[in-house]
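Q: Using the hints, put the two chains back together into the complex; each one sits in its own frame.
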Amino acid sequence: MSRNPLEFSLSSRMIKPNRWLNQDWLVLFLIISLVSFGLMMIYSASGSVEMVLRQGIFAVIGIVFMIYLSFSDYQRLLPIYLNVFWIGIFFLLVVLLIPSDAATRRWIDLGIFGFQPSELMRCVLTISAAAFLSRNPRIVFRDWMIVIGVSFFSFYLVFIQPDLGTAIMVLISGILPVLISGFPVSYQIIGIVIILLSTPFIWMNLLDYQKQRVLTFFDPSSDPLGTGWNIIQSQIAVGSGSLFGKGFFQGTQSQLNFVPESHTDFIFAVVAEEFGLFGVIGLFLVYLLLAFRLVMIAKNSNFLFVKLVAGTFIFLLLTYVAFNTAMVVGILPVVGMPLPFLSQGGTALIINMIMIGIILSFRRTV
Amino acid sequence: MKIKKIFSDKRDSESRKLVLYLIFPIFIMFVVLLQTINLTVINGKKYETQSENNRIVSRTIYPTRGLIYDTNDKLLVENIASSQLNLVPERSTDTLKKIKAIADLLNLEKSFLLDIYERQIKKPRYPFQPITLAKSLNDEQIALFSVSSEKFKGFSVETGLVRSVVNKKSLAHVLGYMGYSESNDVNKSSNFISGNQIGISGIEKTYHDQLSGKVGTRIEEKDVSGKFVRVLSENNAESGKDLKLSIDLDLQNFLIPFFEGQKGALVALEPKSGLIKALISSPAYDPNIFNSSSSLAEIQSIFSDDEGPLFNRATMGNYPPASTIKPILGLAALDEGIVNWNTIIQDDGEFYVEGDPRPYRGWKEDGHGKVDLEKAIVESSDVYFYSTAYDLTIKRLEPFLNKFGFGAKTNIDAEESNGLVPNEKWKLGYIGEFWFKGDSINLGIGQGYMLSTPIQISQAIAVIANRGEIIKPRLVEEIDQSPTELESLGKINLKDETNWEKIEKSMIEVINAPNGTANNIKDTRYVIAGKTGTAQIKSYEDQEYEDIRENPFFRDHALFVGYAPVPDPELLILVIIENGESGSRVAAPIAKAGFDYYLTKNE
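Protein chains in written order, with my numbering: chain A, 1 to 366; chain B, 1 to 603.
Chain B with its partners taken away, still in its complex shape (with noise of 0.2 Å):
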């Protein structure tokens, strides 16, 4: 033979060594002979009448999703049965026609069924496997499909689970929604392939993968009459894992109230374990109308809401901090050595830049007199902050900032937007300006530019009563009854470390001292250290304020920060009230109610 006459020929070594390697494919080609020997003659009855019988059928065995609580073991979300229409796209034939026929005799919206039908047809699919079309159907609707079942083959009607949030609108951004996913991406997870919905929002969103489990599949064999043989082939549904969240839903849907017809958002959190215990974004809406999948018209009112119920914006909304900030900016002061306890400024009401006619005006429109820095956050002078912002300039104001987080995500578990620490290249590719003195002096009151969301005022605040400790904030106390860990992003160094104490000394005399600027909520059973503060949204060179809060959108917020009670802090609170005008009259006094409601439920 040939291939002989290879191996003899000692100089063609190349030839040699080609036919060597080719022994590795073709052992295993023989291996493969062997085995399709196995199947075919040995094997080959058992899978004749297998496959004649076409009776190998796959089953998805769908996990139950993990249950939500809150911190107290109250049940938040859980899965409720429903009945729902269910179609087998393998079984059916003329399928679009036949939706439209279910949809007029149910009376289901026909554009809604067929929206889901396309998208869910498109996903990986195991053979057979049922693909839901509407969730929650009443009796009258299962009554009026089962009369007339046999013209649709393919359609059931089955009972199936569906996600139920147990206090509808109380804790709506918190714990999300459920939806149809947009992608068809094979590649993500298993868990998407399942016909299933997909957390699209808050904390089903975020911890999907843990809620969700995985698909289990079984692969049955069947005989001929479609009686159950036995099980080919298994793999396990895992349920998913319960979330225990740290909100407390007393507290919650005790705060809910006050923001009755009105914007807003509230954080409260525990600042030493960065844990959540209420989260307040105003309005809200009803997360069972998305979960139960039931009515796009219902579903569209919210999409189409002007005041964005279903934007969060505990985290997500960006507003100036404005004064809030002050004691922040006044640690920045001393740390640059702009200033030191005893430096005094004169505010006569307004701040001048030389060469520049231009007043840049405190809210007190005769000023504070002498102000030295603890003074100047009692009664939040802004004519101090605007000297030393002008001081410090953006070059150090900005480093500062984005120490204590602002101008990046606080990384808590849910989604949260960036918020703005302006710079100036920021401002020369945003805005196509340089950086004026004007905008640091802005920066000092926490307006101008500068945007954060209220869970990083919180964040930042709680840095002080951490003493430097940035604590990440985070919702979910317990993920299958083993506690998340409390993660450190960072401690801030100041030079001075007393100054910490100092600066919240301030902040405690803003309740408690009879000039400060929170003093209407002073509690003689403890002590309170916080910051009011008053955004404006427009800014009114030639306007007076009067004028432009003829337009309630254009009134200011009205904010507050604080923590209690002082020197040991069980609670920070956080209150924005959009177009509120007041922080102290409006803000302050919900913040309290917080306080005293949980400071003192134990008594």
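With the rest of the complex left out, here is chain A (with noise of 0.2 Å):
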């Protein structure tokens, strides 16, 4: 493991003397480039100035909150990124605590906008992790099951709201530092074996309305009539779009509302219609290159913290743009899961841009 020892002991912070120079401006130029033209994809998918407006004032926040914390001193934050995963577990007992006559629960509701807990866990639990699991110059193995069982906690009450998308999503924010970090292959292939195993027995016991309820996490919301209206539209609306598309905001097939959903977890598939498959390849060029931006902040590092969680955030980043985009084209089923940073949902974008401003606090430190 190459890790500095003196990580904690020394304060070895080198902060290189022009800060301004050092800030990577290529991946807030990318953010802000992918934020706005996911504004104008939603004013051509809803037509709705008040709709824009509002995921415009998200936006404002979170680069000013990207923004403020890519100049933070991170390893001074350390204590409190270790113990930030507990606001999110106070918010998911919050949520499903408080009475709502709603089948599922998994909004907070603050009036203007509701808020999702469950995207905040995912934020907040690879912090912790990484900071759990960096905090020693060695990681013991009792670290690893602690991160393990926090992570199948959090899961656990996320899936009960219940929302199994984003349950694995948020449990994958957890693993994931433990696998990075180096636990054993031997173990990995147990948890798996485990996990397959068990699955078909949990299954077996659960209640008719049990497995009803599970297949219906699946699609909680996005596709609520059970029939492939959504899938045959979309997959319209993105072959009609052919080479280059039909032009912005000349979307026949969102225009007229055939797509549902479409400025949220659909939008990929407005993006394609109005900007065709070059649209799309310069789309996936794009989070590819903030990918790769943020893949070298890691690199550039020493520090195990780091690499935990600009590698968790890297993965969860794409699996989020594959999943989405493979759920739009129909190659997947239709699952709850919206495009990082274009899809309309002001709790997502600002955890996302939140976490952004994290990894970019990352450089000022080697």
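Among the hints, erroneous ones may be present.
Distance windows between CB atoms, simulated [as the list claims (entries may be wrong)]:
id	chain 1	residue 1	chain 2	residue 2	range
1	A	Leu289	B	Ile37	36 to 44 Å
2	B	Gly429	A	Arg135	46 to 54 Å
3	B	Ile80	A	Phe152	52 to 60 Å
4	A	Phe153	B	Glu415	34 to 42 Å
Just so you know, these hints were derived from the structure itself, not from any lab.
From the three backbone atoms N, C-alpha and C, an ideal C-beta is built for every residue, glycine too.
A: Structure follows, in structure tokens:
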């Protein structure tokens, strides 16, 4: 394990002389471009200025957080990062305890907008897990088990909301730091085998209505009618976009509301319809370039904490992109997963930007 | 390339690993790209034309709701064709204004249509799925609409199915009615997403999932001229399942006239199977008024009726069980060793607790003299049961009554109330007083705080007929030709099992003995075991009953419960006539008529 044993003991903060020049302006530029592009797409899909304004306000809040955090001193914040997951647990419990007549409890209603604690959990769990695993020069096995335990507990809290899709992402956000930090391969295999073996057993022991619930976890809201309508329409949208697309604001499928949820989970259909195959390639390249820059930050750091946080976030970022777009083009079933930085939705946007800001702050110390 | 360097750098295993993990999402993104190429380049032309003509339409295929039959396969509820006013919101502009104009044109109630529209529009819907605004349009309305239909783009008159109860009022509470759900919950079930009505009460509610079937959809492709080309995807509708009730419509219709002009309830069930043969709650209503949802005024008049015609007294009415509970309390006293069959208690018409000058009066002023348990049931001695209840105390009374199902739902397939078996904790919580000995004494004659539903009393007395077996009452005999299962909810074991038979014998004497309270219904052809009851609804500490009964609403309720023929009972009947005053004179003859009809109909 390549690790600076003096990580905590020696406050070796080597701040480069010009903090402005040290900023990764390309990442900031990419994020702001993605979000602006998303606002355009939301407007094209919904035709609602109000919706764009709301999302725009979230974007501005997110950008402020992102830039502010990118100049922060993450080593000084480590004690906070170590404990920040308690906030996530707290809100997850609050959302479960708030009495509600709806069958699903995912939101805390703050009046102007709904706050989604599961999205917060995804972020704070990674940060705390990474801080916990890197707090001592050597990781003892018990550390891994504690992180795995907390991850499964968080998974459970989201799972019973119920929201299996996000619950799995929360689980990944806690488990991935364990895997990247060198959890022995033999144990990884044992873990996979245990999960695979127990799945049918658990399934068999579920009651009929529970099975039905588990099945509906997979498509919570995007396709409530259980037909191929969304998929057929979004495939038509993507396919009719052809090579270069119909042009901005010209997407008839989305304009005529044939694609439901076109401003949230299906926004990729709007992108493909209006900008075509090349638009899709361009968008993918932007995501990959972003991922590459973030990988470089991880690579250039000597600190395990940095590698764990950045690695996990990059993985989740690309996984969201992959699953969301795969769903829109109809190669994966409909699951409620937004497209990062583009889909309408305040909590996810702000959380993603906070994560970017934290990762950018890693550049300040080597 | 730098990535390559990451892999060659053996010391930085974390970076290597994280890049390795990224292969997974990047691979999926690659597949997405291939699929996008497939959609845009290879099939691009197809999708382009599809989107140009915007010719994808989704059709909702409504399943037919299951029919409901009685036990002799007589049709109770059917679906009849009706002309209905539909609206496709996507095709309409200025919808609210147009709804008002249509209401004026067709002489429908504006607020009613708007209410339906506002509720339905909020629910999840396929694009272009119509909303039904009004049902059962008449010819004149159809003609009026078709004349000016082009003014109302998006509105149309189409044929649909409406639920129709064949026998109108006679099974209103059993069958229930249809209406629009209040809930907008998406996750509930696709059956709620239809613009269709759902079962609001009775069988229509309890068995809504089975009756409703599954809404299907068909997504069709059409050409530019709107002609059907092909089906792109189809979810077949599944029609609802037919139900066969255990209700015997003939028996039901025979018994209903006895309730004419009276409030009350009747339960008739087969003790060994729990199958309900007749269930009456009076007054009743016509469910078709709701099903066709035609007139708001009529619906409101039912809702505002003081006599509560919507209320199913047979399963939801909370009544004091009064003396009908005495056989069960007798069993309790025997089982707890408070009395045996030879124990004699002197009944001089009043019972006193030591140190309390207040008398607990029996219904017969001079008392019944020397009373043993059998005589106490036959003549319905209150003092005997005051005394045993006093000795039993609530600690032993409550669990025994609970065992017989009092204070809890019977789990019948209808909406029901819990009734109430009071105890010390309940009284302290709800009344704010400690439990007095007098409370136990009142419980001894099924009065005081105790409340029970007619179905609970029936179930409890059926336990005696079944020698301790508790059978769940049920209304549905078959679902789609497959019989529903008899369900035993447990068995009550007595210390002396012969007491079942002995208590039954006392109940037979209630009818057969010359001094029995229901001697007036004695029959030579078959043996009835039963118990009368007269439930006080107003306590009269200082007043005499003669004064109280001046107000008809304060008159006692009349109860009778019995089963016949002993020893192999086919039918148990419970009758409650509100303010009927006399269990033996008013309630028992109705049950007798039911027995006569049911037991002799095949002769």
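Q: Work down the list of hints and note, for each, if the structure agrees.
A: Results for each hint:
no. : hint                               : in the structure
1   : A:Leu289 with B:Ile37: 36 to 44 Å  : violated (21 Å)
2   : B:Gly429 with A:Arg135: 46 to 54 Å : holds (53 Å)
3   : B:Ile80 with A:Phe152: 52 to 60 Å  : holds (56 Å)
4   : A:Phe153 with B:Glu415: 34 to 42 Å : holds (40 Å)
When each numbered hint is compared with the structure, a violation occurs for hint 1 only.
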